[in-house]
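Asker: One-letter residues, chain by chain:
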Amino acid sequence: MTIALIILLTIAVALSQWLAAFLNLPTAANPAILLGIILISGAVAGHTIKSKNIPTITGFVLYGLLIGPHALKLAGTEMIQSLDFVQFLSLFLIAFLAGGRLNLKEHKHFYSLVPFISLGQLLFTLILTGLVVGLFSKSLFLKADGSFPIIITLFTGLILASNSTAAILAVSHENQPRKKHGDFILATSLLTNIFVLIFFLGKAVFFRYFYQTSGNISAMTVILKMAIHLVTGILTGGALGFLFVFLLSRLRREFLFFIILFSIGAYVSVSFYLSESLIAFITAGIILRNFSRQGNYFMKNLESHSFPLFIVYFTITGAGLNLFLPREYIPFLVVLFIIRILALSSTTHFALRINGENPGTATNLSFSFLSQSGLTIGLLTSLSLFRESLIPHELYAVLIWITFLNLLAGPPVLKYFMNKLKTARNT
Amino acid sequence: MESIFIWPLIITPILLLLRIFLVRSIVSRGIYNEILILTIPFLCGIFLGSKGIGLFTDHLNIRISPFILFALGFQGLYWGLFSSLKDIQVFNKNLRRFAALHTFFIFTFMLAAGFNLLYFAGFYAWEVLIGGIFIALSLTQVSSASIRFLEKTQNYSYSFAILFKAISGMSGLLTILLFGLLSPIGISASMPSYFIILLMEIVVSVLMGYLVSYILIKLRSHTEDYLIWLLGVLFLNSGFAYTFGFNPLFMNLITGMIISNRSENKQKIRDTMKPLVRPVILFLLFYLGAYTNLHPLITPVIFPVALLVRYILNHWSFSRFFTKAVIETERIRPVLPLLMPLGVLSPTIGVYLLMVSSSTYSGIIAGSLALAYIGSYTIMLFLMKNGGKQ
Chain A
1 MTIALIILLT IAVALSQWLA AFLNLPTAAN PAILLGIILI SGAVAGHTIK SKNIPTITGF
61 VLYGLLIGPH ALKLAGTEMI QSLDFVQFLS LFLIAFLAGG RLNLKEHKHF YSLVPFISLG
121 QLLFTLILTG LVVGLFSKSL FLKADGSFPI IITLFTGLIL ASNSTAAILA VSHENQPRKK
181 HGDFILATSL LTNIFVLIFF LGKAVFFRYF YQTSGNISAM TVILKMAIHL VTGILTGGAL
241 GFLFVFLLSR LRREFLFFII LFSIGAYVSV SFYLSESLIA FITAGIILRN FSRQGNYFMK
301 NLESHSFPLF IVYFTITGAG LNLFLPREYI PFLVVLFIIR ILALSSTTHF ALRINGENPG
361 TATNLSFSFL SQSGLTIGLL TSLSLFRESL IPHELYAVLI WITFLNLLAG PPVLKYFMNK
421 LKTARNT
Chain B
428 MESIFIWPLI ITPILLLLRI FLVRSIVSRG IYNEILILTI PFLCGIFLGS KGIGLFTDHL
488 NIRISPFILF ALGFQGLYWG LFSSLKDIQV FNKNLRRFAA LHTFFIFTFM LAAGFNLLYF
548 AGFYAWEVLI GGIFIALSLT QVSSASIRFL EKTQNYSYSF AILFKAISGM SGLLTILLFG
608 LLSPIGISAS MPSYFIILLM EIVVSVLMGY LVSYILIKLR SHTEDYLIWL LGVLFLNSGF
668 AYTFGFNPLF MNLITGMIIS NRSENKQKIR DTMKPLVRPV ILFLLFYLGA YTNLHPLITP
728 VIFPVALLVR YILNHWSFSR FFTKAVIETE RIRPVLPLLM PLGVLSPTIG VYLLMVSSST
788 YSGIIAGSLA LAYIGSYTIM LFLMKNGGKQ
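Each protein sequence line maps, in turn, to chains A and B. Take the first sequence: its position 173, counting from 1, is numbered 173 in the numbering used here, and each next residue is one higher. If you count the second sequence from 1, you need to add 427 to reach the numbering used here.
Honestly, the hints are just simulated from the structure, not real lab data. Do not rely on the hints blindly, as some may be mistaken.
[As the list claims (entries may be wrong)] Chain B side only, calculated, beta carbon under 10 Å to chain A, not exhaustive: (1) Arg-490; (2) Asp-514; (3) Gln-516; (4) Leu-609; (5) Phe-622; (6) Leu-626; (7) Arg-705.
[Claimed, not checked] Estimated spans, in silico, between C-beta atoms of each pair: (8) A/Ala-14 to B/His-486: 49 to 55 Å; (9) B/Trp-553 to A/Phe-324: 29 to 35 Å; (10) B/Lys-695 to A/Ile-7: 41 to 47 Å; (11) A/Leu-23 to B/Ile-739: 56 to 62 Å; (12) B/Lys-695 to A/Leu-15: 48 to 54 Å; (13) A/Arg-293 to B/Asn-521: 45 to 51 Å; (14) B/Ser-477 to A/Arg-250: 56 to 62 Å; (15) A/Gly-265 to B/Glu-651: 45 to 51 Å; (16) B/Thr-787 to A/Ala-4: 47 to 53 Å; (17) B/Leu-810 to A/Ser-112: 55 to 61 Å; (18) B/Arg-523 to A/Lys-179: 51 to 57 Å.
Backbone N, C-alpha and C fix where the C-beta goes; we use that ideal spot for every residue, glycine too.
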């Protein structure tokens, strides 16, 4: 019955859009209607598809694909673009929430392991990607002078190393894993993403360095610029975090407004600096959680009200995917997809085993980082904004396909292994 | 010229902030805190808007438009959730009659006052007509939030608070209904089209109300699902309203009333929406700040006069009828400061005016409404503080 109602509602929305266009109303393209239908129908799709091993976010993504510009066209490309602030806000609140979940005083021995795993994941992915790109470069990406396309390796490797903290938060919210394991997965995911984000700092100055022909940027300048941007991001996040600590001590019911206000400020002033802003919001979340008496309570409250945020975020991400791919790139796609799983899981498993974790737990935890979503797409588009084409369009198509596959497969895999961890603990 | 008004707006909160740290009494600190909380979003709006650094552009306005519509619709829905037939029937006949008469009395006089004030300020006839209606509507509601400040004083009485809340709630309900009946005038060319628009508004919101209440009855105890469905219907209603020129407050009010009437867990539904109440009010003040226009006559002179007229009318109505017909005593003293603040519908109606009209006069009226809202709370809190000392 609920599904029948949703279908009726969707038809009503489509009819209203048609009627508004027919009457030539200036307010025809209205994102609020789309947001409403996404919230309700996405939630129903999520609950319908939800089973023991499939999380609700898979339903959101599939629903997004269904209403997107490549299927039912209920949400056209322009409509999705009109929701970019909503997606921006969701991404930032999720970053803030992710930072706010980390209690640095707990699980200290586990946290000491996190940097090694994150760095290992990044390096191993880069190495394997280098091998694969080298293998395929002759047929797909060989430069005119026959040189090895290092920029392609780095870009592909970094994109593959990135994962979806949002998916981890959403699945954890649904599955409630053991706190120690949940925090470990989240911390590793966050740190790996921060490592990846560092390479995109300063409007991706790192990639510009490899692309330049006249040699006007030196390696030292690049390192300096990246360091300045990183420190600025962290310091801004620190200042923001302590401001939030102060505000939270004075306010209770109004605090959410101030977070939204800062997000609006970030959207209008620093949205070009996506990486820096994300680092700042993660830092602010960590500080609020660890330095405010009310931080824990506030974050729990925010998390309990955050589900609509995930619905909107994943549905818009699903709707925004353009899944066109030339046929000759399919083998390359398959190999990249496999080596990503291999690199991320083997590094995590290896590090956990060295740390003395039992084989079962290590195996279950090692498959937690497969999901990819909005952050990866944000990083992908950040390079496509350059006037010069740094990366071939076909590679973008391949990486968007990989993101899509991971967006679909990652959350169920995570849920499956979280369930296994739970079962192992209970027995 | 505008900087003359903007500088005091900036300096006052700074002084208040300093005052918070210097004041020892918790009650006084709470009062300064409250004024500061209301002032900061408005100032942030001015700072980011065209009067400040100009970050609040038309592009951003379009991008955040779902949130503006949401904030508008939220007031209607929240009001509707507290206005089921059972809720209204709880109060006795005298109380209901007083609330209705008081609302129409204030609305009529404020309409006359609004027309005159805008006429003397030199507005064009059309602006006087529309602006007058908006001013009258926004000044009609009696604020219910003010009662919580009375809790800390000696004058507080639980039974009086309940009565006052009931009157405030009903005056808000009647104001939104009046607003809903009046707003189609702006877009309809003839009487039949007026009725068609009104009918469409009611039909869509009733259908939405039945749909959501059916689902909410099925969901029973999942707070998370309540939130999703309520937010979803809010966005849908407000989106339809924006597209077809309907009134989002009115539509969501009807939807909220139906949900509240039909749902078994209405307290749980209300609690789900409660954390959003204050952020939404602050967001409305922020938006008003971004688009505010200050007028040399309206802002500093006319609106205080309108506030004074409103206070005198409220005072007269309460002392003449409320004390005798409803509470059956002659004591009006504790009510006095409570009659000063504007209701939350004032900034809401101001934002609605900005949504339907982009001319300068709408910015002037909307900005003045926000200032009047903050100012009226400030006056009430100081009156209460001084009352407490005596």
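Asker: If a hint holds in the structure, say so; if it does not, say that too.
Answerer: Consistency of the hints with the structure:
no. : hint                               : result
1   : Arg-490                            : 4 Å, holds
2   : Asp-514                            : 23 Å, violated
3   : Gln-516                            : 30 Å, violated
4   : Leu-609                            : 20 Å, violated
5   : Phe-622                            : 18 Å, violated
6   : Leu-626                            : 16 Å, violated
7   : Arg-705                            : 4 Å, holds
8   : A/Ala-14 to B/His-486: 49 to 55 Å  : 27 Å, violated
9   : B/Trp-553 to A/Phe-324: 29 to 35 Å : 53 Å, violated
10  : B/Lys-695 to A/Ile-7: 41 to 47 Å   : 28 Å, violated
11  : A/Leu-23 to B/Ile-739: 56 to 62 Å  : 46 Å, violated
12  : B/Lys-695 to A/Leu-15: 48 to 54 Å  : 33 Å, violated
13  : A/Arg-293 to B/Asn-521: 45 to 51 Å : 48 Å, holds
14  : B/Ser-477 to A/Arg-250: 56 to 62 Å : 29 Å, violated
15  : A/Gly-265 to B/Glu-651: 45 to 51 Å : 29 Å, violated
16  : B/Thr-787 to A/Ala-4: 47 to 53 Å   : 49 Å, holds
17  : B/Leu-810 to A/Ser-112: 55 to 61 Å : 59 Å, holds
18  : B/Arg-523 to A/Lys-179: 51 to 57 Å : 53 Å, holds
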